[in-house]
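There are 2 protein chains.
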Amino acid sequence: MKVKILPDNLELEVKAGEQLLEVLTRGGVLIDASCGGMGVCGQCRVQIIKGAVDSKPGVQQSEEEYEQGWRQACLSYIKSDLEIFIPEDSRVEKEFTLQEIKAPKGQFLSEQEIEGLNPDWKRESPVQKLYLELPPPIKEDNLNDLQRLIRGLRQRYGLRRVSVDFSALKKLPEVIRKKDFKCTVTVVRTRGEETDEDIQRGARKPKLIQIESGDTRARHFSLAFDIGTTTVSGQVLDLNQSRPLMTINHFNGQIKYGADVISRIIYAGRPGGLRELQGSVVRTINEVIEKLLEKTRVKREELSHMTVAGNTTMTHLLLGLNPKWLRLSPYVPVANIFPPVRAEELGIDLPHWVHIYPMPCVASYVGGDIVAGILGAGIYKRPEVVLYIDIGTNGEIVLGNQDWMLCASCSAGPAFEGGGIKYGTHATAGAIERFSFDQKVCQVRYQTIGHKPPIGICGSGIINITAELLLKGIIDQNGKVNLSSGASLAKEGKNGPEVLIVPAEQTGIGEDIVLSEMDFDNLIRAKAAMYAGYHTLLDKVGLSFDNVELIMIAGNFGSYLDIENAITIGLLPDIDRNKIKFIGNGSLLGTRLVSFSNELLDDGEKIARMMTNVELSDNIAFMDNYIAALFLPHTEEKFFPGVMKKLESSRERAKPCVPIFKGVKGI
Amino acid sequence: MKVKILPDNLELEVKAGEQLLEVLTRGGVLIDASCGGMGVCGQCRVQIIKGAVDSKPGVQQSEEEYEQGWRQACLSYIKSDLEIFIPEDSRVEKEFTLQEIKAPKGQFLSEQEIEGLNPDWKRESPVQKLYLELPPPIKEDNLNDLQRLIRGLRQRYGLRRVSVDFSALKKLPEVIRKKDFKCTVTVVRTRGEETDEDIQRGARKPKLIQIESGDTRARHFSLAFDIGTTTVSGQVLDLNQSRPLMTINHFNGQIKYGADVISRIIYAGRPGGLRELQGSVVRTINEVIEKLLEKTRVKREELSHMTVAGNTTMTHLLLGLNPKWLRLSPYVPVANIFPPVRAEELGIDLPHWVHIYPMPCVASYVGGDIVAGILGAGIYKRPEVVLYIDIGTNGEIVLGNQDWMLCASCSAGPAFEGGGIKYGTHATAGAIERFSFDQKVCQVRYQTIGHKPPIGICGSGIINITAELLLKGIIDQNGKVNLSSGASLAKEGKNGPEVLIVPAEQTGIGEDIVLSEMDFDNLIRAKAAMYAGYHTLLDKVGLSFDNVELIMIAGNFGSYLDIENAITIGLLPDIDRNKIKFIGNGSLLGTRLVSFSNELLDDGEKIARMMTNVELSDNIAFMDNYIAALFLPHTEEKFFPGVMKKLESSRERAKPCVPIFKGVKGI
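Quick mapping for you: the protein sequence lines, in order, are chains E and Y. Residues in the first sequence are numbered from 28 upward in steps of one, following the working numbering. Residues in the second sequence are numbered from 28 upward in steps of one, following the working numbering.
Simulated from the structure, these hints should not be mistaken for lab results. None of these values were measured; they are calculated from a predicted model. Please note that a few of the clues may not be correct.
Each pair may be met inside one copy or between any two copies, as identical chains are not told apart.
[Said to hold, decoys possible] Listed next, the in silico DMTMM-like pairs over lysine to aspartate or glutamate satisfying Cα-Cα at most 20 Å (straight line):
(1) K351 to D207
(2) K322 to D603
(3) K499 to E519
(4) K106 to E303
(5) K197 to D207
(6) K567 to E138
(7) K672 to E140
(8) K633 to E303
(9) K198 to E303
(10) K197 to E371
(11) K77 to E140
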């Protein structure tokens, strides 16, 4: 049996009864399925042109659509030869480049400021190239090659207690003789077989991993990777200059197995699932490395090391550790600090001497990415109380300073990544990110990423739109559509009241892009989880937002966030806007810094030990805070005085009119 | 083109111009070529039945033989389809079992005595199985799996600073949950990433390599291997009882690349040669393991560790380290103490957690086998001066006691292994090992291994025969054949004077087995090298044989040696026979003992550091001693008073007669 895929014109061999989503995944057609194929996100829409499938109706799907042959691939089982159409917005784009960060309100720190967040550390990389001119052996000094080398390292560099990787030993005799006993050795101190105890006592030992003929010190590079649930970001680092040469971002290949860590953990439980997920992220990493090397002209053999930061699930999946117990109470990881492993053992296409240093994790839902972020942001060196927020499918929060640190994770759901929202999409070309409604002239202005025809709404777009609709009275504080207001923006849709964002004739998908009450509800639940998180941590130490001197927002998502709008809907607290700063990818920053400094490498593990994890999932205070936050911006008006004032002054404007829609550059 | 091999009836596909030896080796027909195919040992004889080869005449070959189609496979290049016959004595037997050691003169120590050579050590294996009953994680104690395990080891066994093998971590979560957090971990202390310095400071750390569900302590085994140039001996050890379960000996598969370490080192220099040699000994090891497991019913997964001892070349070849510089002045090994490596990395068919501990080496020609021997024999704990001798292709000598130790290696050549002797053979079934000539009744009595028809003479046989011929005046002290004596035993052969040992009609090869003057010359040079070695070491410390309180003879070869005969030819000094003891395979003994005791493991490395290597190859004193020893027993009669007395009293007997030959059991 065959499935023909349009517009690709690709044919796949299939069997009757197979799930369409599985068949497409197997055939390399990457389908967006943020729920992991559970049937609930409605993103894997395909249109059956010819042939028949066994299928239930999808979520949020109209009868008309169903009659036109639209189905969810995850709910469809093949009955005959098929011809199907897969629209762009059902697909996972293979690569994307994050937009340049424009600092609209001075809240984005400059690259220099970000680099300086962690002050005063000694530039002494845990990965060193050391050049030696050894005396060739003679009768009176016929020490074996290895001891000659070790003696040289001691005499020339005062290096002691060096252990030697077996593979370096194998090439040792030829390599040292090639250029008359002049050679360069690469020594790493990230983590050999030291135990936690050793490291706490400062006993990080050097390990000799590579040896080259002659003097190769001029070329000395490594890699730093942030493995996000959605995005993998990789950097080539010039270790001689302690600076990144280039960054490349790429969707994590695991997206097709589900948008959030929970779907991935469930998928890993299937036979072969863990291996598949590991292979998938490794392929992404390999593609990023390939591109980085191509563009920077760094050779693979010039790479000495790799540091990675990821949340606990991503770290487990990358290392091939079973994540099953991360999501089952009492939520235990296999490990938080990991023994050394070679890149090639994981399938990463790097020379055999390259070892991986994964940033240590704290708990099941507070991972190495947060530890790296706290390190990069230098919070553990600051006297003032800082709230560090990484907004995403899994929102992570850290509250603390140089003396103490609390952390927590709140399952916000995929709304911030555009998931669980009917027309939600990743932050990709054509995603609506900004939106305004001018009641006076009855005009809607919207802006898409890359200024392409709209295909959906990205996470930051949903926040911006919701804030605007709330301020203009088109939705109320419960997230209900005010049908009596806002002209034909607010209308009765097939599944209840909805708001028209862009009409079909202007979109790239041939249909209206709308937000329904279910969508607003999803967003409210996501922001409530985040806000309840901050609140619960503050309560825990008897502080309030008044005591927070700085909010640092990390993560790719943060880069697009409009602070004012985020406060308006209650995602961020209503405090002095100048106290809120964006630091970009804090995780990548931290994992890069440990490559430049032994001191920071030790700090990373200190941070992991210093953090106290507050488990929110069965925390009663958190539940109370969460329920109180299920309102725009919050049930307690006193927490949001600024927003309440804005709401008062804008409420009257919601009068009927027939709006004009206009795509613009720059709102 | 094809070669048909008889009597195997095997056909190999070949090309014109290919070397016959290479073709046979490739086809799995193992040919004895102690010179490594250099054309000089004459052992790879084959008979061309049909077809033609391009070939030079072989060494020590008669015209008649040449006309009958006998060729050396290493000197023959294929010209057409061939049919060839390969006699038994040209082949390497794949396996052999060493004869039981019968202690004819009380000089063989009993197994108990051998075990007790190294006294008073603490039985505490560096490989331990530890059983744990961990508390399952609960909300109040949700430590990650790894830390839970490490905490358990600390609380229950006081174990600290455990490092963890990545592969053990991978299976950890499933394994501990399978039997409700009851599990057994295997911890090794042989050598993690410790450096020499760490070990000297006693900082040998435990490494967790394996984890199993439930209590598996009852089954706990490891392997000990002695990798000899000729013979590989393997043992399965029961670590709970600190005893070997079984020993299996097997010819080293590398024999076909040359009998001595020099030929192997040369072969390793060819393209792919090192890999081939490594693969070859690994195959032998795998076969021995297979048999050991089959016979002891130990399962592969019940093995936790492997220790190996070999001379420096064998150790390099096993580990895949280039041995090239071992034979070039100033003779430097790649390393003497080796970083840890997994058995599977070398191709050894053992579970991935099994690490190899190679006994440390001292110098290019004093290897881990000697260190193991000194350890096993407990010489480093004894107040009296001991001379430790391992006779073989490469003879190794150690002189010393608890305070000091000198060691040296003398290249004796392959004569003691039956090489370089026309009718020499390995100590295999049909090898003549004992011989007597009774002048009175003019009768020759000979004994073969396994009492099979004679196929050649093994090393100990050559010594016994030479001593007897010397005493009976059939050869003189120069090793020249006394044609006027000894009846038709002494005769003029095709290549000069020779002695008939067994006539054609009684042999298994259809021709006379003889010893020529060239053969005697080879033997004299071999024994002279050994004797000059002892002498040079004694001179170095101003001692003589009178100061030596014990001579310990190690090695398989030693097991067959007749002391009286060895003294007669001057291989051993003419001292009180009670001071000479055989200890069997000292190397295997030592490598076994380090598996039973952390203390002995440390001692091994102490011994390696304690030994002072005396390089003999360009030592003038050694050369003088060597030339003085090129005589039977020695040019200085005063060193051999006992032998001289015997010679005096036997000289008269050499009268002509026609001898009768008789194969017997027990001489």
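Hint-by-hint comparison with the structure:
Within a single copy, K351 and D207 get their C-alpha atoms only as close as 54 Å, which misses the 20 Å cut-off; across copies the closest is 16 Å, which meets it. Neither within a single protomer nor between protomers do K322 and D603 lie at most 20 Å apart by alpha-carbon distance, with minima of 42 Å and 80 Å respectively. For the homomeric pair K499 and E519, the shortest alpha-carbon distance inside one copy (18 Å) is at most 20 Å, but the shortest distance between copies (124 Å) is not. For the homomeric pair K106 and E303, neither the shortest alpha-carbon distance inside one copy (27 Å) nor that between copies (55 Å) is at most 20 Å.
Only within a single protomer do K197 and D207 lie at most 20 Å apart by alpha-carbon distance; the minimum there is 18 Å, versus 43 Å between protomers. Taking the shortest Cα distances, K567 and E138 never come within 20 Å of each other, neither inside one copy (34 Å) nor across copies (71 Å). For the homomeric pair K672 and E140, neither the shortest alpha-carbon distance inside one copy (34 Å) nor that between copies (98 Å) is at most 20 Å. Proximity of K633 to E303 under the C-alpha cut-off of 20 Å is found in neither arrangement, the shortest distances being 33 Å within a copy and 49 Å between copies.
In the homo-oligomer, the alpha carbons of K198 and E303 lie at most 20 Å apart only across protomers (17 Å), although the nearest pairing inside one protomer, at 34 Å, exceeds that limit. Taking the closest pair of Cα atoms, K197 and E371 come within 20 Å of each other both inside a single copy (18 Å) and across two copies (16 Å). Taking the closest pair of Cα atoms, K77 and E140 never come within 20 Å of each other, the shortest separation being 57 Å inside a single copy and 87 Å across copies.
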